[in-house]
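Chemist: Fit chains B and F to the known structure of chain C by using the hints.
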Amino acid sequence: MTNAVSFRLNGKPVTVAYETRDVLADILADHLHMRGIRVACDQNVCGACSVLCDGEPVASCSVFGFAAEGCEITTLEGLDRRIVTALRDSFAREIGFQCGFCTPGMLVTATALLLHNSAPSRAEIVSWMSGNLCRCTGYDAILTAIERAAASLCDGEKAA
Amino acid sequence: MNMQFSNRLDSVGHSVPYAEGRAKLHGEPIYTFDLALPGMLHVKLLRSPHAHARLVSIDTTAAAAMPGVRAIATGDDVRGMPQPKYGKKIRDQAVLVMDKARFVGDIVAAVAADSEEEALAAVRAITVQYDVLPSVMTIDEARKPGAPLLFDEPQPGYVTSYQSGARSFKEPEPNVLYRFEIETGDPVDDVFARCDHIFTDRFVTTRLAHMCLEPFVVLASETHRGIEMWSCSQYPFQLREEISTMFGEPEHRILVNTAFVGGAFGGKSFCKLEPIAVLMSRLSGRPVRLCLTMDETIALTTKHAAVLEIRTGIAADGTFLARDSRIWLDAGAYSDASALVADKAGYRIPGPYRWQAIRTRVDCIRTTSIPAGSFRGFGGVQAAFASESQVDMIARRIGMSPDDIRFKNFLSIGEEFVPGERGLDCDLAAGYRAMLARNSHLSNESSSSNLRRGVGSAAAFKDGGGEPRVARARIKITTQGRVSISTSGIDMGQGSVTAMCQITAEALRVPVSWVSHTAISTEHSPFDVGTYASSAIALIGGALLDGAERIRTEALDIASGILGVPADALTFDNDWAVSHAGTRHAACAGADLAKALRRNRLRTRRRGQIYRAG
Amino acid sequence: MALKIARPEAAYMAGGIELADRLKNGIAYSDLIRLDAIPELKAVSLQDGCLHIGAAMPHRLVSQHPLICQYLPSFADAVATIGSPRIRTQGTIGGNLMSRAWHYDMLPMLVALSAKVTVAAADGMRREQLIDAVVSLQPADLVVSIAIPIEDKPREFWFHRADKPVLSLSVARSVGDREAFSLRVVLACTSHMPILRVVSDGTGASPHEHAKAWRESLVELCDDRTSSAWYRAELAEVRLRRMLARAMDGRP
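Residue numbers (this note's numbering), protein chains in the order written: chain C, 1 to 160; chain B, 161 to 774; chain F, 775 to 1026.
Calculated cross-link-like contacts (lysine to any residue; reagent style SDA-like; alpha-carbon spacing at most 20 Å):
| hint | chain 1 | residue 1 | chain 2 | residue 2 |
| --- | --- | --- | --- | --- |
| 1 | F | Lys798 | B | Glu277 |
| 2 | B | Lys568 | B | Ala619 |
| 3 | F | Lys798 | C | Asn3 |
| 4 | B | Lys622 | B | Val578 |
| 5 | F | Lys938 | C | Gln43 |
| 6 | F | Lys798 | C | Asp26 |
| 7 | C | Lys158 | C | Ala119 |
| 8 | F | Lys798 | C | Thr2 |
| 9 | F | Lys938 | C | Val126 |
| 10 | F | Lys938 | C | Glu124 |
To be clear, the hints were calculated from the coordinates, so they are not data collected in a lab. Here the structure is a predicted model, which means the values were calculated and not measured.
Just chain C, same shape as in the assembly (with noise of 0.2 Å):
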């Protein structure tokens, strides 16, 4: 059975046509292409299908076509440049990512948390993340990465 939806995907509005077995991951990486759309779990555990919705993070994986009816999407293509930027940059130096399979999922969470916090204390990233899993990693690199690009941003700030 066909539905349509509409809703804004990275400032844009859309209207998509979707099966009624289809959840928001399915209609970001089928329907519209949209990269980094990794569904690992499936359960909402691993956090590799994040996505921002109204600029909180939710699991595309879990989230039914029609629950998007009007909400501002973002994913990983149309995370605020700035703050993805940053992240990019520092999660290159620390090695932040092995694998790369988790790391949409991450870069989408942690640029959540830099736009509610920027400067977040090394626990209030622990906590943050801690819903975005990474086998690969054991996590500390990620951690380091988000905790200097948030400094650099600050330093950049000043700098302005």
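Modeler: Then chains B and F, alone, in the frame of chain C:
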């Protein structure tokens, strides 16, 4: 190898950008999980709900009539295969259950349909009659006299004949899949008789799931050209060999492609469910995709649970004298890599220490549970946990510091750990000492705070290589003097591609950014047994150095011809330049060299050499 | 409610987290009854000495609501640690309670706080009951709101959750006790139901002694889910002692 490296290294030893880092940070990599083929069918599996049951009958008629269903396979479709079973050394796992289900999740049937939903619906419509049998879920249960047997007959397979006191046995006892034994040094019981103290302790480790974020996935397409697969496997060439043996298709008509791998850790090693995908493509005449859910991937393979009983005899001053170990590994229902795991556990249980006598026996026990297989340092981790724990316990019992007892007994650099093997290639004592020094601040805390800190140290040893281990590499120079290397080292995130580019860049004296690594497939990439045992960089790196040396030699020959100067008067310099008598000649840089190399290659081809390795 | 009674095969949906899981596991529903747009279910108000919180309120909004931050700041902090940021965006109090999952956090926290729950039942009647009665919910029942008794000053509340979870501890001082204190201690995630114990200081026992006394009964009360009963009991004693020490001193 005659290459000289200057003291200053430009690429190796430096923190260079991770080869595919930018792509990963932009969500760009295509994993096997992401792949789709035109006209592709989806395969879903029917799994046994019973831990142990005889398969009485399967009725797929209703399922076959359902919408979208293009093929259904059961054990009957597998029976006629040239080799319907797989497993390392001991082949006891059928592609689909032929006689009995031996664990909850054992695969009884497969359906290929136009969509996943249609495949799942058809799976639910298959009716199976089971004759439920008593299960054996633990090592103890499986070993009891009169315990239900997983197999009624010996399974096809072989064991390796070892030397130097090591022996292995295939299916030596009921529910014992494999046994590894080793006895070295003086007669063990004599040495125990001389010991001042003897300690016996028992250790237990649990199963672990790999839980790679990318689940197990494979695509297969059989056409008149042969069998083509897209696999997440860490061992594309071994997979090709297995498929060849099992389907009776010659290797040159089997092609295994790879994509990015979303974590493996051993869970994507050897043969797993790829034969099912090939079978379904064969039966349906279409390309197929078999992708497991996370739950199914956990039911595919786990790390071995283990029980380790270690009896250690020492002298009063803490000198290790004799160790007698019994290890039981819970191998689960099928062999997978259990024989290799047992060997490794057996070799590692004495730890990196000097002994007068060692006796070890490792048994892989069959239980009606998920087959256990490779998982990061398989066998060695369980053994190191038990061995090092006991070393600490023994030290405390005799009033010696756990560090001192280790220093007293560590093997020295170059010393054999078992007769006939290469000696230790590192100075353990020095390393351990350095580690303690670096962390001394952790133990030197004032007691004013109400928190106490516990500090633990341990030492273990690992062979970077496994055996036998073969690697080849090919280096191509483009017309712009850039470098394209081709190996079959699967980079699952461990950074091997980056390292190989660094090694090649260092050897050829070009910037790392001038080097890239090709995609890997059995058709285009040089042969490699697989990426495991922490060996890729050492071995493939070695092959790359070999190839780089040949290129340097050739480059100097070409330069020699161009400059009219003997080759041994020239020095290979950066960026394809050569130096002669203090003058740097860039005449051989880039395009000229590449063109010259191409001409060279054409010349050698006329002499009958078809393949220019490395 | 009328919808649900008319269509017994329908499912309630607020955040839809549990629902998504159930649907993926093959459970089918005739309809979905969406609750997330019903204002009454998201209202927060002060009445009769209680803070009323609508059951369809997502955890994130609960942890940030001004009234909740004013009267129950430590509870707000604890709610900010539930699940993950994704769970807090979509998950609700009602969903958390109605799932009756042994490892969820709302029930133990609310038991410690002596909260009451308003349930809309199939017969159309509403009832208010102690939060611990949530286990007797019928399939058509809907949790409408919770009511947490409050005081003039912010209520003291302590919460700790150990990995996996091995256990969680929620401690709140009983309301209205000015002279002698009485602590409601709830141990959860150790078996299928949270365990409440009231600790009063009439005995003069130290945190150490209280924890030790409880430890003796704990091994029966804990089971082996996700961790051994023995380890749970060991950890519970340590965590309880530390938490009681803080509570008895009035430290946050």
